[in-house]
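*Asks:* Residue strings, one per chain:
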Amino acid sequence: MNEIGGTPLFFLEFGDIVVYFTPFTLTLFILALIFTVFVLVSRPERQIDIAFGGDAFYDKVISLSELRFRRFMSIACGLACMGAMVTGDVFDFTLFVSLVGICNVGIVAAVKSRHVQNAAYQYGLVALAGTVPLFSAAAMVAATTGTLSMLELAKNAVEIPLAARALLVLGVMGEGMAPFYAAKAEMFRAPGAPYVIMCSLSSLLIFLRVAEVILLL
Amino acid sequence: MIWDGAIWNEYSVGLAVAFTCALIGFAALTIERDDLHKLLLIDLVETASLAVIALVGTDLAEALILPGLVVGIAELLALSQIYLTKEGYQHNPVKRLNIEVMMISPAPVIISTILVVYGIILSGFTGGGIAGLGIVFFLMSRSFTGDFHVLEIASGVSWALWVASFFVFMFFPEWWYLALMGSAIGILLKVITKMSLVGAMWGEPE
Amino acid sequence: MIAQLLFAVFFGLLLLGIHRKVIARIQRRPGPPVWQEILHMLKFSFKTTWVPKTASAILFVGVVLVAIGIWTAALFVVLSGGSLLILFAIYMLHKIVEHGFGLSSGSPYGKFGGVRSVISAASEIPLFVSVAAIAIFTHSLLISDIIAYQALNGPLLFTIPLAAVAMYVVLLSKMPFGPFSIVESKELVSGYKTEHFGLWRAGLEVCNGLKTYVLLLTFILVFIGGLPIWLILIVMVLILVTLSFVCALSPMLSPYDSVTVQTLIAGIMVAYVALLGVMS
Amino acid sequence: MIIQKISRVLSNFDNILPVFAAACAVMSVITLLFLPFVYSEDQLYPKKIVAGSTLNPYDRGGPPFVQAEIVSQYPENSPSAGFVTAYLTPFSLFLSKQTLYMGTTIVAHPGGILDEILYNTRGLDTVVEPSILFVAFAIAAYIFRREEHR
Amino acid sequence: MKKQYALALALVAAGSGIAAMALNMVHTLPDWAYMGVLVIAFPLFVLGLGLYWMAREGEADIPFLGY
Numbered sequence: 001m002n003e004i005g006g007t008p009l010f011f012l013e014f015g016d017i018v019v020y021f022t023p024f025t026l027t028l029f030i031l032a033l034i035f036t037v038f039v040l041v042s043r044p045e046r047q048i049d050i051a052f053g054g055d056a057f058y059d060k061v062i063s064l065s066e067l068r069f070r071r072f073m074s075i076a077c078g079l080a081c082m083g084a085m086v087t088g089d090v091f092d093f094t095l096f097v098s099l100v101g102i103c104n105v106g107i108v109a110a111v112k113s114r115h116v117q118n119a120a121y122q123y124g125l126v127a128l129a130g131t132v133p134l135f136s137a138a139a140m141v142a143a144t145t146g147t148l149s150m151l152e153l154a155k156n157a158v159e160i161p162l163a164a165r166a167l168l169v170l171g172v173m174g175e176g177m178a179p180f181y182a183a184k185a186e187m188f189r190a191p192g193a194p195y196v197i198m199c200s201l202s203s204l205l206i207f208l209r210v211a212e213v214i215l216l217l
Numbered sequence: 001m002i003w004d005g006a007i008w009n010e011y012s013v014g015l016a017v018a019f020t021c022a023l024i025g026f027a028a029l030t031i032e033r034d035d036l037h038k039l040l041l042i043d044l045v046e047t048a049s050l051a052v053i054a055l056v057g058t059d060l061a062e063a064l065i066l067p068g069l070v071v072g073i074a075e076l077l078a079l080s081q082i083y084l085t086k087e088g089y090q091h092n093p094v095k096r097l098n099i100e101v102m103m104i105s106p107a108p109v110i111i112s113t114i115l116v117v118y119g120i121i122l123s124g125f126t127g128g129g130i131a132g133l134g135i136v137f138f139l140m141s142r143s144f145t146g147d148f149h150v151l152e153i154a155s156g157v158s159w160a161l162w163v164a165s166f167f168v169f170m171f172f173p174e175w176w177y178l179a180l181m182g183s184a185i186g187i188l189l190k191v192i193t194k195m196s197l198v199g200a201m202w203g204e205p206e
Numbered sequence: 001m002i003a004q005l006l007f008a009v010f011f012g013l014l015l016l017g018i019h020r021k022v023i024a025r026i027q028r029r030p031g032p033p034v035w036q037e038i039l040h041m042l043k044f045s046f047k048t049t050w051v052p053k054t055a056s057a058i059l060f061v062g063v064v065l066v067a068i069g070i071w072t073a074a075l076f077v078v079l080s081g082g083s084l085l086i087l088f089a090i091y092m093l094h095k096i097v098e099h100g101f102g103l104s105s106g107s108p109y110g111k112f113g114g115v116r117s118v119i120s121a122a123s124e125i126p127l128f129v130s131v132a133a134i135a136i137f138t139h140s141l142l143i144s145d146i147i148a149y150q151a152l153n154g155p156l157l158f159t160i161p162l163a164a165v166a167m168y169v170v171l172l173s174k175m176p177f178g179p180f181s182i183v184e185s186k187e188l189v190s191g192y193k194t195e196h197f198g199l200w201r202a203g204l205e206v207c208n209g210l211k212t213y214v215l216l217l218t219f220i221l222v223f224i225g226g227l228p229i230w231l232i233l234i235v236m237v238l239i240l241v242t243l244s245f246v247c248a249l250s251p252m253l254s255p256y257d258s259v260t261v262q263t264l265i266a267g268i269m270v271a272y273v274a275l276l277g278v279m280s
Numbered sequence: 001m002i003i004q005k006i007s008r009v010l011s012n013f014d015n016i017l018p019v020f021a022a023a024c025a026v027m028s029v030i031t032l033l034f035l036p037f038v039y040s041e042d043q044l045y046p047k048k049i050v051a052g053s054t055l056n057p058y059d060r061g062g063p064p065f066v067q068a069e070i071v072s073q074y075p076e077n078s079p080s081a082g083f084v085t086a087y088l089t090p091f092s093l094f095l096s097k098q099t100l101y102m103g104t105t106i107v108a109h110p111g112g113i114l115d116e117i118l119y120n121t122r123g124l125d126t127v128v129e130p131s132i133l134f135v136a137f138a139i140a141a142y143i144f145r146r147e148e149h150r
Numbered sequence: 001m002k003k004q005y006a007l008a009l010a011l012v013a014a015g016s017g018i019a020a021m022a023l024n025m026v027h028t029l030p031d032w033a034y035m036g037v038l039v040i041a042f043p044l045f046v047l048g049l050g051l052y053w054m055a056r057e058g059e060a061d062i063p064f065l066g067y
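Chains as they are written, first to last, in our numbering: chain A, 1 to 217; chain B, 1 to 206; chain C, 1 to 280; chain D, 1 to 150; chain E, 1 to 67.
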């Protein structure tokens, strides 16, 4: 069960936190990178709304300052995703997940629609609550095995409690996976295409990564 | 038998207590309907997770609690601002940043004095940094024209400084002294700008 | 490799054509000819093409490239016996393609399709459960290892039938006209692909062909094992016909119900795999 | 139908937090049932308190400017680990001789094992953590500023 | 996009794919690199070919709003 995502291709050492790329994480990393580049270079869509009772329509234009801010948040979100994809440390992973959560809130927080803001607030609450199982899981892994490095944990020297794994998954689910998706779906109605896409991309990527982590540990 | 005293070590007892606390917090969250109270309750539950981290019991726990705490505080801050906006609680927004309020306010003087004194007590380069920043903060608050952007930029710069010195640490360990000082100044700037941001945001009551 | 790629595109489109034909015959309609989807693809590629005024242009075009690219990669992962996890990652990321298609144009219909695609993010969870179930038995996720395991111990279909069912449901949720295909239901015009016309749509058709081929191929390789190529193609058609029967005979669920059903299936699967893990 | 009832609850985002909190509560109960866990004695960065030291409980460095020993996961990745710990500013040294428990945070002076771990060995955490703070402040500041200008 | 650019794009993509195949056959190019080239080249080829084929360039218009 050691090489669930393929053999690591190369390592990047940041002290005890070793970043490593397997074919699996590399695939995810590249996708995150592609969409981050899209966000960087693309102008946002202008969402069209129909004015009822006639043939008229209007498009929602995003102001320049809002555009800049949301682009910044989306790029931060993309970078956080990339970090979460390749990090080889359980606690570092949970930190990246929390960063993704807060960036997601940021991407839509600037939207002036009350409905979207409500959804963002509720989502933010869940993301904040999700840090509790996340950090608890990481701490329990550290305490019961004496290490946080995924490379060491993958050697299966010590059994990790099932509860720690379950807590980790629950924490990640709080970042927008089913069945806690409703707020995220509503956030998605906000105009500004390449930015809101980062919201769903990040949660999908993180879910994929946590699946690997769980199978790896 | 699992109730064997040998297996029920201190760690497990601690976990039992922490998760009981978390359970109570989550149970409260399940029935709470008010948005503001939800936020406060979550902050409470966060404490339980800090307890679980603390149970690691080594210096690693210290190193993990700090980020854990910061995440909680950061998200709390962002969410409370969103809450204010979404509920429309923004009364007299212009007056709060008004320079007159800052002029008559003794807060900058006090904070600066504390900073300077503390910096002198600490001595060394870092202490100097603190004291110097205390003075800078005093000057800034005196001539504060309500340009919020400056604070944001300062906050960004300090963040960059902090991260840059981390990379120096990582890749050029022989320059560790420089990195250490850089990060010390970075974190000070960071703390100070963010304190003043919060101060400016919530300001003084009318 | 190039030949296999082109074959996969056209055979996948042919499979989709057969899918439409079977559904039509079940519903007592004559239906389109089986090569209709191939014609569609060619037809769309000749049509006038532009990028809508309101669209986010780079995303609008880029997402078509990403769509074809990821499924090309998926085909190669299967053919080279790579990790099942990578394959399923690509499968899950297809969701992003749907979002990208739906959101980039500024069209309200596309937007609704995209939002529904976000809602149905639960449909992929059974995948990981079946991956976990497979891993319990084969101790490897490399497709080549799984095929080797089945050559020794017989098809996994009989060892872990419920995992196969889970993956079948996932296949079903990606088939057009199925009970879970809420993203392209008719009240949304064409759902997420409403505004991708002309060449962009042709690109999407290429992606669909590849996707169908890859998914069916994976199902066969993972649960039945390595077969000669002609037999694989026949089994593909057989599985497709069963899928068509399900699609033709079941109504489309309402969006949130569809998600709830998928979530429940995921929950049952998690319990099943936990049981398997305890027993093994 | 039960399915429709479930979907109705789940589709309203006001219910998401209660549902998530309930899941967390259930998970806490499950964790309690799984207790006790075995605490691994073989931990990284172990803390041992030197009773007689003037730097108690922060004494990791021994004499100033001498590299201390730190049990890290990959010692080869951080060769300079333990060096920073050994440094105290003159005044901090003086303070430490007068009293325990004073002046050993990052802000107070460069020293103490906490910053050692934070920088040398768990540095990426340190980058992520202020980034979270930075992003959160950016959100708050942006929303606030926009409301101001309206 | 002008027609000749689209044609050039399609040809370059097709050419790099075929070159990769040839190099792979003489065992100069490892399998994974060959696949990588195809993953990038194939979508570009499809789009390039389609853009070359299409009858004329249309004026950008607003999306479909309803019947």
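Don't read these hints as lab results, they were simulated from the structure.
Incorrect hints may appear among the rest.
Stated by the list, open to error - Just a few of them, taken from the derived set where beta-carbon distance is under 8 angstroms, the chain E residues facing chain C:
1. TYR5
2. LEU7
3. ALA8
4. VAL12
5. MET21
6. ALA22
7. LEU23
8. MET25
9. LEU29
10. ASP31
11. TYR34
12. VAL39
13. ILE40
14. PHE42
As the list claims (entries may be wrong) - Pairwise CB distance ranges (calculated):
15. D/ASP14 <-> E/ALA8: 29 to 37 angstroms
16. B/ALA27 <-> C/LEU152: 46 to 54 angstroms
17. D/SER40 <-> A/LEU12: 42 to 50 angstroms
Fair warning: this is a prediction, and the values are worked out from it, not measured in the lab.
Even glycine gets a Cβ: it sits at the ideal position worked out from N, Cα and C.
*Asks:* Each hint should be assessed against the structure and marked as holding or not.
*Replies:* These are the hints, each one checked on the structure:
1. Annotation: interface hint on E/TYR5 violated; nearest CB of chain C at approximately 14 angstroms, more than 8 angstroms.
2. The restraint placing E/LEU7 at the interface with chain C is violated, with a minimum CB-CB distance near 14 angstroms, outside the 8 angstroms limit.
3. Checking E/ALA8 against chain C: minimum C-beta separation of about 16 angstroms lies over 8 angstroms; hint violated.
4. Among the interface hints, the one on E/VAL12 is violated; its C-beta lies about 15 angstroms from the nearest C-beta in chain C, farther than the 8 angstroms criterion.
5. Taking 8 angstroms as the C-beta cut-off, the interface hint given for E/MET21 holds, the closest approach to chain C being about 6 angstroms.
6. Among the interface hints, the one on E/ALA22 is violated; its C-beta lies about 11 angstroms from the nearest C-beta in chain C, farther than the 8 angstroms criterion.
7. Among the interface hints, the one on E/LEU23 is violated; its C-beta lies about 12 angstroms from the nearest C-beta in chain C, farther than the 8 angstroms criterion.
8. For the restraint placing E/MET25 at the interface with chain C, the shortest Cβ-Cβ distance is roughly 10 angstroms, beyond the 8 angstroms limit, so the hint is violated.
9. Hint status for E/LEU29: violated, given a least beta-carbon distance of 11 angstroms to chain C, over 8 angstroms.
10. Taking 8 angstroms as the C-beta cut-off, the interface hint given for E/ASP31 holds, the closest approach to chain C being about 7 angstroms.
11. Nearest Cβ of chain C to the Cβ of E/TYR34: about 6 angstroms, under the 8 angstroms cut. The hint holds.
12. A least Cβ separation of about 5 angstroms between E/VAL39 and chain C falls short of the 8 angstroms threshold, and the interface hint therefore holds.
13. Because the smallest distance between the Cβ of E/ILE40 and any Cβ of chain C comes to about 7 angstroms, under 8 angstroms, the interface hint for this residue holds.
14. For E/PHE42, the suggested interface contact is upheld, since its CB lies about 5 angstroms from the closest CB of chain C, less than 8 angstroms.
15. Range check, D/ASP14 to E/ALA8: about 55 angstroms between beta-carbon atoms, so the 29 to 37 angstroms window is missed.
16. Range check, B/ALA27 to C/LEU152: about 51 angstroms between beta-carbon atoms, so the 46 to 54 angstroms window is met.
17. At about 27 angstroms, the CB distance of D/SER40 to A/LEU12 disagrees with the hint of 42 to 50 angstroms.
Checked against the numbered hints given earlier, this structure breaks hints 1, 2, 3, 4, 6, 7, 8, 9, 15, 17; the rest are met.
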